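Dock chain B against chain A, hints included.
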Amino acid sequence: MSGIQKFACWTLAAIVLGGIALSIIVPADYTVQFRETPNAVPTHQHLLGTDELGRDRLARVLYGTRISLLLAPAAAFLSTLMAALIGVVSGYFGSWCERLALAVTDLVLSLPWLFLMLAVRAVLPLNVSPLTSVVITFLLLGLLGWAASARVLCTGTRVLRNSDFILQARASGLHGFRLLAVHIIPNLKPVLYAQFLISVPVFILSEANLGILGLGVAEPLPSWGSLLRELEGWGGFSTEPWKLAPMLLLILVVSCFQVILAREEVSA
Amino acid sequence: MNTSEPLLSISLSVGYRGKSAVLRNVALEIAPGEVLGLVGQSGSGKSTLALAILRLLELKRGRAEGTANFQGRDLIALKESELRRIRGKEIGLVLQSPLSSLNPALRIGTQMFEAWGAHARGPSERRRHSVLEALASVSLPADDVFLQRYPSQISVGQAQRVLIAMAVLHRPSLLIADEPTSALDVITQSEILALFGKLNKEMGMAVLYISHDLLSVASLCHRIAILHEGVIVECGRVAQIFGYPVHPYTQRLVQAMPDKTALIARAPVARLAASAAVPT
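Those protein sequences? They're chains A and B, same order as listed.
With the numbering used here as the guide, the letters of the first sequence map in order to residues 993 to 1260.
With the numbering used here as the guide, the letters of the second sequence map in order to residues 6 to 285.
Just so you know, the hints here were simulated from the structure itself, not pulled from any lab data.
Bear in mind the structure is a predicted one, so any value in this text is a computation, not a measurement.
For glycine and all other residues, C-beta sits at the position ideal for the given N, C-alpha and C.
Be careful, since some hints might not be right.
[As the list claims (entries may be wrong)] Cβ-to-Cβ under 7 Å is the rule here; a few derived chain B residues that face chain A:
(1) 59
(2) 89
(3) 106
(4) 124
This is chain A alone, in the form it adopts within the complex:
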């Protein structure tokens, strides 16, 4: 691992730690309003100032980090699981099963992803509790983001299916799901792992996209996307630079993931 990758790992670790230990760092919970000081500039008490409702911005950014960094890997896990199920089973059984799965995958891939996500989110009720909105966002990302991974896994499984050691295993009398579980899945572990890691930054950004449009995690719960909504009617860099904090954090985390992933691709 090179220096810059170590740095990326440590940065991610520090951000995660900040998200976990937020109650020690910040003066109040993310919902607490300091009504006498709305829209405050950074002070000793509020390091990033307060928002228009008087809530501590640092508390909201760190709590948003917690939500975004939990939601994205969870959604990545769900989508990788779906991709594994669809890709591996279709690649292993081949013939019509593979053709059907690939046709569905192609269809999903050809749909404009953001618009599809917006359309599906718009169909679902918007007036839900904050926690339900988190679950809906998680399911939406997870259930719509499997197609590209499924294609990779389907091809990987097909290559394995035709390999010598699978032929040898069949000649030993192994077959069916036993062959799949014991001989094929362990060989797909690096691919599954890579697909999971690639999905994480994609879902962080997707959640932010939904959040900016007010379709992601609902108030009063903060997430990076909903925090970015503050930048509508932003005063500009010279007057309110601290409002860029959530965006900088988003860029930093996604960049860190990309730097670490670059290494995964080289070593894979």
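For chain B alone, coordinates are given in the frame of chain A:
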């Protein structure tokens, strides 16, 4: 050789989808306990035949027609579920590339245990005992350290022995070896050949030994069949094939074999003695 009912009697034509036939009316018989050598050059359809007998060709989009009678059952007409009970239990298969035939992600032990579990049930102690016994029978270290290894941590020769151990795990009555020595160096080759001879004698299993190397086949087999362009052109006892080859292709094969005495005769004796002297 046993003159009673043959163990395996095949009459097969094999082709791949969209191509002309690879094997045309190949007829062979193997008696119980017999070692039959199948010789032919690359591309003559030897490996295709090995896979066709176990009906593993369908994965490679191949089609076999005809019959393959094994102990009174026609393998070509048998239901897939019944065939699975024969694969690995009554007919063992050893493929030609040892390292790619072992799963790189699994320990040797796991792969052996899986092969055992495909046809046997029982306590893990019995499973371990059978696997270690099979490893010992192919002169591999029969201990837990070896079972813990990954295929990348053993040599090619050891990998080939593991595959043979896996194939004889259930003491099949027929072992099909598809060019088992082609990836090995000469010394390991002769060791593996000796191993097949030993397994044949000790376990009494018949062996269909497929190779392009006539010499190695001659040292091991009772009978030899010559496959040329998808057809068996000649089949007979070793002495017959070497002494009185009938088909032109067989004659060419026999002539092409290196002759050790002729090689020695080519060099003057004095020079040989000088080069053989051990440096001090």
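A quick look at each hint next to the structure:
With 7 Å as the threshold, the beta carbon of residue 59 (chain B) comes within range of chain A, its nearest partner Cβ sitting at about 6 Å, so the hint holds. For residue 89 (chain B), the interface hint holds, the least distance from its beta-carbon to any beta-carbon of chain A being 5 Å, beneath 7 Å. A least Cβ separation of about 4 Å between residue 106 (chain B) and chain A falls short of the 7 Å threshold, and the interface hint therefore holds. Taking 7 Å as the C-beta cut-off, the interface hint given for residue 124 (chain B) holds, the closest approach to chain A being about 6 Å.
Of the numbered hints listed earlier, not one is contradicted by the structure.
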